[in-house]
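Asks: In the order they appear, the protein sequences are chains U and D.
Residue numbering for the first sequence follows this note's numbering, beginning at 1 and increasing consecutively.
Residue numbering for the second sequence follows this note's numbering, beginning at 1001 and increasing consecutively.
Rather than coming from a laboratory, the hints here were simulated on the basis of the structure.
Ideal placement from N, C-alpha and C gives every residue a C-beta, glycine not left out.
Where hints are given, some of them may not hold.
Claimed, not checked - Simulated restraints on C-beta separations:
id, chain 1, residue 1, chain 2, residue 2, range
1, U, 169, D, 1110, 36 to 44 Å
2, D, 1110, U, 70, 45 to 53 Å
3, D, 1037, U, 70, 34 to 42 Å
4, D, 1031, U, 105, 20 to 28 Å
5, D, 1060, U, 53, 51 to 59 Å
6, U, 238, D, 1037, 34 to 42 Å
7, U, 202, D, 1031, 31 to 39 Å
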Amino acid sequence: MKVSYFPGCTLKTKAKDLDNYARKCAEVLGVTLEEIPAWQCCGGVFTTSRDEIATKLSSVRALNDAKQKGQPLVSVCSACHNVIKQTNAAMQNDEEFAFKVNNYISPDEYHGETKVYHYLELLRDVIGFDKLKEKVVKPLTGRKIAAYYGCLLLRPGKVMAMDDVENPTIMEDLIRALGAEPVVYAYRNECCGGYIALESKELAKEKSQKVTSNAQEKGAEAIVTACPLCRYNLIKNGTEVPVVYFTELLAEALGIKE
Amino acid sequence: MENSKQNLCNEIVRRSGVNPRKCMKCGKCSGTCPAYDEMEYHPHQFVYMVETGDIEPLLNSKSIYRCLTCFACVDRCPRGVEPAKLVEAVRLAVVREQGKNHLKADDIPELLDEELPQQAIVSALRKYSK
Chain U
1 MKVSYFPGCT
11 LKTKAKDLDN
21 YARKCAEVLG
31 VTLEEIPAWQ
41 CCGGVFTTSR
51 DEIATKLSSV
61 RALNDAKQKG
71 QPLVSVCSAC
81 HNVIKQTNAA
91 MQNDEEFAFK
101 VNNYISPDEY
111 HGETKVYHYL
121 ELLRDVIGFD
131 KLKEKVVKPL
141 TGRKIAAYYG
151 CLLLRPGKVM
161 AMDDVENPTI
171 MEDLIRALGA
181 EPVVYAYRNE
191 CCGGYIALES
201 KELAKEKSQK
211 VTSNAQEKGA
221 EAIVTACPLC
231 RYNLIKNGTE
241 VPVVYFTELL
251 AEALGIKE
Chain D
1001 MENSKQNLCN
1011 EIVRRSGVNP
1021 RKCMKCGKCS
1031 GTCPAYDEME
1041 YHPHQFVYMV
1051 ETGDIEPLLN
1061 SKSIYRCLTC
1071 FACVDRCPRG
1081 VEPAKLVEAV
1091 RLAVVREQGK
1101 NHLKADDIPE
1111 LLDEELPQQA
1121 IVSALRKYSK
């Protein structure tokens, strides 16, 4: 099966492991990620105001490209997924907004028809964790892994609709499918500080350390994330355990980690 | 309240899509806000102050640059008020003014380090600049 793929700015530069292993693992699992030609940066954060048009055009163009091909749109970066999915919901539900955006999409019209998946949802809902488990050649037996969701994968819950916002299981289920033991801890869906790292290093430090120390207290030997900025903040502000992308863990279990 | 202030207030409410009158003042938004300690005005105060038209202090406060867009207040509000959208609408009322960008492209080089992901820069520029 072929799906449209939106990598995003950071996956082409600082987060190549998130991108490379996402593509390679998908191939092993029978899915080809077809990169959208001439995709543009999603902007990193969704602008919630209804009169913000220009900041949402790159997402709509990507969504419309996938629509033309009749393919779902997949991204692996939490931020890209959040922006694209929230934009898609606005195109479905806010007629006035969609009308203004469509002035720039001419001659086509787009109204949120494309199905949007995060890569984790692709694994769970399209491939299936049970099928994934059958493909595992190097199970991560005995490893204690903490999933860090952060904010953007889950919230706003009624739009993202990936999982239970306060008690998610999708990453823990993935960790289990790979043969490891998930570590559940309180701060797994609290903010790392995000882009505040540019504005207030102290605040980013305080937020990130709460996450890493909580995961460590609960016995985590590694933390996995889908977000390059979360990974940066957690590592930058001091962690005793490695923080890696979930795609690296996946590649390791599938026997294709380099 | 003078007319222009009232108009701006109505505009902020309109573009945010938030109805501040739904707020029952439980304070849960501020209780869950990760940036609470660094804010002069907290999410529940944004809701109340916009409702009563007292927006001048918000426009002049650094609090508008402290919101992390984590959507915790959006999801955890028992009344579905979605305070983050109001904070954003107030911030836009400031940064959309000419010369009011909070972060300029020229400021970026000295904020960089080797590992900083592009995502951080584009996010900050989107939030702090027009």
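Asks: Next, verify each hint and record whether it holds.
Replies: Hints versus structure:
1. U:169 x D:1110: 36 to 44 Å: 42 Å, holds
2. D:1110 x U:70: 45 to 53 Å: 47 Å, holds
3. D:1037 x U:70: 34 to 42 Å: 49 Å, violated
4. D:1031 x U:105: 20 to 28 Å: Distance hint for residue 1031 of chain D, residue 105 of chain U is violated at roughly 41 Å.
5. D:1060 x U:53: 51 to 59 Å: Given range 51 to 59 Å: violated, Cβ gap about 27 Å.
6. U:238 x D:1037: 34 to 42 Å: Given a distance of about 19 Å, which is not inside 34 to 42 Å, the answer is violated.
7. U:202 x D:1031: 31 to 39 Å: Because 21 Å falls outside the window, the suggested range is violated.
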